[in-house]
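So the sequences go chain by chain: C and X.
Quick note: the first sequence uses numbering that gives the first Met the number 0, first residue 0, plus one each step.
Quick note: the second sequence uses numbering that gives the first Met the number 0, first residue 0, plus one each step.
Simulated from the structure, these hints should not be mistaken for lab results.
If you're wondering where the values come from, they're calculated on a predicted model, not measured in any experiment.
Built from N, CA and C at the ideal position, the CB exists for glycine as well.
Take the hints with a grain of salt, since some may be wrong.
[Claimed, not checked] Sample of chain C residues with no beta-carbon within 12 Å of chain X, all distances over it, derived: (1) ALA52; (2) ARG166; (3) THR169; (4) LEU252; (5) CYS323.
[Stated by the list, open to error] Restraint ranges, calculated between C-beta atoms of paired labels, are given here: (6) C/ASP363 <-> X/GLN23: 28 to 38 Å; (7) X/ASP52 <-> C/ASP69: 29 to 39 Å; (8) X/ARG105 <-> C/ALA291: 34 to 44 Å; (9) C/ASP236 <-> X/ARG109: 47 to 57 Å; (10) X/ARG33 <-> C/GLY13: 50 to 60 Å; (11) C/ALA384 <-> X/GLU138: 30 to 40 Å; (12) C/ALA384 <-> X/GLY139: 39 to 49 Å.
[What the hints assert, rightly or not] Only part of the chain C face toward chain X is listed, based on derived beta-carbon distances under 7 Å: (13) ARG97; (14) PRO101; (15) VAL159; (16) PHE278; (17) TYR327.
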Amino acid sequence: MAVQINPPATRARGRPAIPVGVLYSLTGPYGAIGREMLNGVMLAVAQINADPAFDFVLEPIVRDPGGSLDAYDAMCRDLLHRHGVRHVIGCYTSVSRRRVLPLIEHAGALLWHSPRYEGFESSPNVIYLGAAPNQHFVPMLAHVLDQHAPAIYNVGSNYVWSWEMHRIATEAAHAVGGRIVGERLLPLGETRVDEIVDDIVARRPAILLNTLVGESAYRFYDAWHRRAQREPALAPDAIARLSLTLCEPEARLVGAERVAGYLVSSVYFQSIDGDANRFFLREYRARFGQHASPSVDAEAAWLCGVFLARAMAACGGVEPARVCDAAYRQRVQAPQGAVRIDADNNHAYLTPRVARCRADGQFDIVWAAPEPVRPDPYLTWVDFASLANTAREPPAAAPGRAGR
Amino acid sequence: MSVKKAQATSVRGLRVRVLYCEKQDEASLAQQFRRLGIEGSFADALPDPADADRCDLVMFDSDHASLASHGADLRWPDVPRIALIGAETPSRLLWTIRQGVCSHLRKPVRFEGVLSACLLARDAHRAQHALRERVSELEGRLKSRRFVFSAQLMLMRERGLDEHEAFSALRTLAMRRQVSVERLSMELLAGRARYEPN
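Hey, can you work out the whole structure from these sequences and the hints?
Structure follows, in structure tokens:
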């Protein structure tokens, strides 16, 4: 599917149109997230194109690879070499990013990347506006290990995101004298989850880290919910359930009652109190309907468009190296708070939060970083042992520590 | 260039088995293999220890979920292994280290680097092998060292030799029979050899 969205020429009022590639899978297994990220970009484009302070308009050229890596490759080539775009906003999965990265680098272009990811990458040709693990998982671990015994069960989808999040959880647990009581990895798309719920009931973790994605996650939420109704061991607060991806539209999709009580780490929730977020929500709903429900992915995609436009305006051109330099100097008052880009690693300063999912699918923020946190994509400055300083219980008191 | 040197840097005829390789990497590898005379084969299968007889080197995609099924230890054929590395996340790198790789290539695989990776892997594997054999030989000798000591003591007691003379006698006898000092000592202690001074 190829969608070309050209803003009407009359709206440009003679301002030159700068083509920008948008490469999100709007169909396929994670199409819903792709459409949401597209909304975020299109909102930013609309705001910029309506703002006479910019002496150009953005002309998004939207391509939908439908989750196919070969289509990412072909469409990215097409954007770079037939349309001559110098900037591409896109990708959700790490495999798709790694597939297009050589093309972007070879063309000397810039990829504006909005999703959170597992880190350990810093291409000079990518601006990473999604959270690095030190901004979304480490703060949550510190918070949770402060409240619960460090006996963790990891369940996830069998791919790089889960592998890396489970490794971090394992390192953190060991560093505070805890242990991993179980780990299961399911093939992507696998829906047989009941047996895993049995295993979790049998092993009684204090903390459940759920890094399942897509259909596997939805089935798991449902299986747990059904089991919890007749199993006292799964009473709402008996086991702390953690998710790094659950968001407002997903809670609505799976039925909020199935995910109520989940602790979620993210740099954005709709419930953030602040003028910038209220304005964002108002504009988003005015454009996409009163029931539109933006998540962290929509906000990050919006940030991509805003940073790109402001940096181009600041340097007066589209050349990626200059735009990149100008981007480092931008300070954006985003719905989540102040955001800027670290020139050392091209990732963004973001504000981590931990929130609890309510029965209506909204999130109560239970912890927020006091200020934007510097990105540390290689976890160089994270000291897992220091998490122990914040842990509530003395080492001897926690269950499951004897083995370590 | 001497013939020996040419062989040392030639990979012509090398049988390389590539596991769980992405299509674009397969295309680059297949083409470079043709240029280098490498006999490549591509498979989506877990490593087969029996491959040790059928291939000289294994490459595998370190990002592939089928290989990376956690907990299960893969049994690799005893040939050099090269990892095709995409994600540099520690979880992947730790797993890759556990597979005992001798060299690596970064994904996406390009033509450059294939030859160096193959040569370095082959040499590293050969060196590891040689080292392992040497260590096991030395361990064996260390174990039989006590027999040498006992034989030495026996000669000192029964023949009135001093420590140095006893060892020299053992060594001379071993050389004459063309066995190791350890072997000779065991035979002496077992009464299967006798010390006959000239």
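For each hint, the structure was consulted:
no. : hint                              : result
1   : ALA52                             : holds (41 Å)
2   : ARG166                            : violated (4 Å)
3   : THR169                            : violated (9 Å)
4   : LEU252                            : holds (25 Å)
5   : CYS323                            : holds (22 Å)
6   : C/ASP363 <-> X/GLN23: 28 to 38 Å  : violated (46 Å)
7   : X/ASP52 <-> C/ASP69: 29 to 39 Å   : holds (36 Å)
8   : X/ARG105 <-> C/ALA291: 34 to 44 Å : holds (41 Å)
9   : C/ASP236 <-> X/ARG109: 47 to 57 Å : holds (53 Å)
10  : X/ARG33 <-> C/GLY13: 50 to 60 Å   : holds (56 Å)
11  : C/ALA384 <-> X/GLU138: 30 to 40 Å : holds (38 Å)
12  : C/ALA384 <-> X/GLY139: 39 to 49 Å : holds (43 Å)
13  : ARG97                             : holds (6 Å)
14  : PRO101                            : holds (5 Å)
15  : VAL159                            : holds (5 Å)
16  : PHE278                            : violated (37 Å)
17  : TYR327                            : violated (24 Å)
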